[in-house]
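Number of protein chains: 2
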Amino acid sequence: MPVEKRHPIPVKEAIHRVLQQEIYTSSERMSLYECEGYILAEDIVATYDIPRFDKSPYDGFAIRSEDSQGASQEHRIAFQVIDHIGAGTVSAKTLEPGQAVRIMTGAQIPAGADAVVMLEQTVETEDGFTLRKSFKHLENISLQGEETATGDVVLHKGQRINAGAVAVLATFGYSEVPVFRKPTAAIIATGSELLEVEDDLEPGKIRNSNGPMIAALLQREGVQVERYRIQVDDYESSLAVVKSALEKHDMVITTGGVSVGDFDYLPDIYRALEAEVLFNKVAMRPGSVTTVAVAHGKYLFGLSGNPSACYSGFELFTKPAIYHMMGATRYYPAIVRATLMADFKKANPFTRFVRADVTMTGREMTVKPSGFNKSGAVVSIAHSNGMMMLPGGTRGYQIGHEVEVLLTSPETYQQELYL
Amino acid sequence: MPVEKRHPIPVKEAIHRVLQQEIYTSSERMSLYECEGYILAEDIVATYDIPRFDKSPYDGFAIRSEDSQGASQEHRIAFQVIDHIGAGTVSAKTLEPGQAVRIMTGAQIPAGADAVVMLEQTVETEDGFTLRKSFKHLENISLQGEETATGDVVLHKGQRINAGAVAVLATFGYSEVPVFRKPTAAIIATGSELLEVEDDLEPGKIRNSNGPMIAALLQREGVQVERYRIQVDDYESSLAVVKSALEKHDMVITTGGVSVGDFDYLPDIYRALEAEVLFNKVAMRPGSVTTVAVAHGKYLFGLSGNPSACYSGFELFTKPAIYHMMGATRYYPAIVRATLMADFKKANPFTRFVRADVTMTGREMTVKPSGFNKSGAVVSIAHSNGMMMLPGGTRGYQIGHEVEVLLTSPETYQQELYL
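So the protein lines, in turn, are chains A and B. Going by the UniProt record's numbering, the first sequence opens with residue 1, and the numbers climb by one from there. Going by the UniProt record's numbering, the second sequence opens with residue 1, and the numbers climb by one from there.
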């Protein structure tokens, strides 16, 4: 049994190899009310000017600015209110000298008016109000098109549709939105030691936790998941399952089976599928055996069976690939610098990824390993909102060191408020 | 028409008033495969030890450590392999002196063995292998219970269930999970100037964008939304709609109608409902008229009709309240410090919330207003992943200043990778 020789590549190089692939999903049209979180498949242009008409930014009175010239504390000028318009209504009247129209925030400036007086700047009279200052031409008027002009690209192809983008689409009347389809994924947990969650424990076996964990990570990104039954460590049946999953889905994610041990069949399966193995060894701990391959224009993610490594592999390779496939222009994880609040003395030649809890209150950004005391690998993922990245070297890290942390949103909610 | 007098309170005080309310959802049981993003309603305990048995952390050979004593480069000691076990299987054999069992990562240590030799540390022979170093008692063995012992609380009531928590629940056989129910929400966009997204434009009117925006923000948190038809600015019919929404939902979110203008009926509606108004003026821009009230044990969020203010109000008050209602122990937004990359010279006595784009690549954290050039309020929300918080004062802010930014996840994906 010869041991396969593998050559580790840097994490950054591994990520780039994954994202160099030209594997994309098709585009489709989606209801405005369901498109949040999708990636735009076309530029979106403004279908009209914003503001669409000269409008009032305040509750107050529309006036002719020239009528206000010379007003002062000692010489208040009186106006007669001839109409009263709410937002959404338009006055049919045209202002004559000395006249004003009561106007609400957002309402269209009536003909003849060229300035707005705020309610607070007036004193009521029987048929109108007086004011004590003069107004300039166009003072307190939001001009047509000053924010956005017809034809301006307001949202870009490749942009993630957030709630703000939904508001823009609504504003311009896009009730259907061109988006890239979300990929679908097959999850295959390998290993004859694995039981289903519902199963009673048996000697020598453990329940499959990587499968549900990866399913949850995928579902959070809106990726539809098919979970395949756990495979016994048997080459022929494993190959058949991977083949059938690959036919149905855009990506096949396996957990476990990527080492070079006797029962690890994935390298053979990749050969049988004539897959191009992008890498099968990464200079990182844990998860150095993480493998990514491409076959028939689809991704095969061979994540480690170790829960922490499985999680890191997903965050580093699978999640960016999902957004890359959907044509997103932004798909890299957010990385912050934080002050280490615990000693972490283990040195390692490879870059270490350590599950971590980041505190982001504005006052300070601090981080500590979430599995620092006795809690185990799986438990510590549950208590983390990021991964510390500790570059390889001969020394460990100490309290007070500044380290980099990759955020694994959205677990960024904080226990304290700092305002 | 007397103008109602309102007294602004600080943003922090406003948030605290919202979160002081004892308004909680009930608990329910949820399938493991659907519980991601929910809040745990009970502590979860380990149902067995992890590791559950003494196991091998490596692929290699289980030996009796005493048999390896005295081994060296010059004096290699030979072992005979008597069995071969994969993960999930247990050897029926007990080791005698000089014997070894081939063992896979994760497999149970066979009887008699007390150390594991890594594959790389051996040289194969006809019936086994030789090694050149001695091993200590329990060397390379993961001991039963060393990570987590039976009965340990592994997940806490009030914790958000992330993918790691799903893995923990799977590990300990929790196929059903106790969670707090997500609240449901009614959204009522007020204002007779509003058209539906599908409607053609009419003079003086704009399409309702706040409603779809707030719906998208709620849906991202998994909150079920009922959108009510846009109301004309009429007190009686508005009151009837708010009443009916309040009966059916845990929270009623209105947009617009909170000013003190003639057509703003919400203050009257709160009075008619005998609601306790927690505040109706906050020392912030935009959105100073944001109102939060409580009636019949339910929240009424009166968000501003200005899109930016509507968005800020949701992030500052509604989102934390949703997690507070679900019994979460963490519900405050994440706040980071970033270097301002653009001048922002407008001074304001109130705290300003400015839609912003934060770059988080690890190398540096920078922020710029996302509506810096000509793009309008709604468009700039679409291009933001955070809100700068600029404390009120008499001066503006300049390039190079360090400012605080409230993250509005999950739009934290980056265009560049820094590793």
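Because the hints were derived from the structure by calculation, they are not lab data. A few of these clues could be false.
Heads up, the list lumps identical chains together, so a pair's fine if it works in one copy or across two of them.
[Stated by the list, open to error] Computed cross-link-like contacts, BS3-like style, restricted to lysine-lysine with a CA-CA straight-line distance of at most 25 Å:
#: 1; residue 1: LYS5; residue 2: LYS281
#: 2; residue 1: LYS12; residue 2: LYS368
#: 3; residue 1: LYS157; residue 2: LYS368
#: 4; residue 1: LYS281; residue 2: LYS248
#: 5; residue 1: LYS346; residue 2: LYS368
#: 6; residue 1: LYS133; residue 2: LYS5
#: 7; residue 1: LYS243; residue 2: LYS157
#: 8; residue 1: LYS5; residue 2: LYS368
#: 9; residue 1: LYS243; residue 2: LYS281
#: 10; residue 1: LYS93; residue 2: LYS281
Now for the hints, and whether the structure bears them out:
With identical chains, the CA atoms of LYS5 and LYS281 are at most 25 Å apart within one copy only, with a shortest distance of 10 Å there and 68 Å across copies. For a Cα distance limit of 25 Å, the shortest separation of LYS12 from LYS368 inside one copy, 24 Å, qualifies, whereas the shortest one across copies, 27 Å, does not. Proximity of LYS157 to LYS368 under the C-alpha cut-off of 25 Å is restricted to the inter-copy arrangement: shortest distance 21 Å between copies versus 38 Å within a copy. For the homomeric pair LYS281 and LYS248, neither the shortest alpha-carbon distance inside one copy (28 Å) nor that between copies (55 Å) is at most 25 Å.
In this homomeric assembly, LYS346 and LYS368 come within 25 Å of each other (Cα to Cα) only inside a single copy, at 14 Å, whereas the closest approach across copies is 39 Å. Taking CA atoms no more than 25 Å apart as the test, LYS133 paired with LYS5 passes between copies only; the shortest distance there is 23 Å, against 84 Å inside one copy. For the homomeric pair LYS243 and LYS157, neither the shortest alpha-carbon distance inside one copy (33 Å) nor that between copies (42 Å) is at most 25 Å. Neither within a single protomer nor between protomers do LYS5 and LYS368 lie at most 25 Å apart by alpha-carbon distance, with minima of 36 Å and 48 Å respectively.
Proximity of LYS243 to LYS281 under the C-alpha cut-off of 25 Å is restricted to the intra-copy arrangement: shortest distance 23 Å within a copy versus 62 Å between copies. Taking the shortest alpha-carbon separations for LYS93 and LYS281, neither the intra-copy value of 77 Å nor the inter-copy value of 35 Å comes in at or below 25 Å.
Checked against the numbered hints above, the structure breaks hints 4, 7, 8 and 10 and satisfies the rest.
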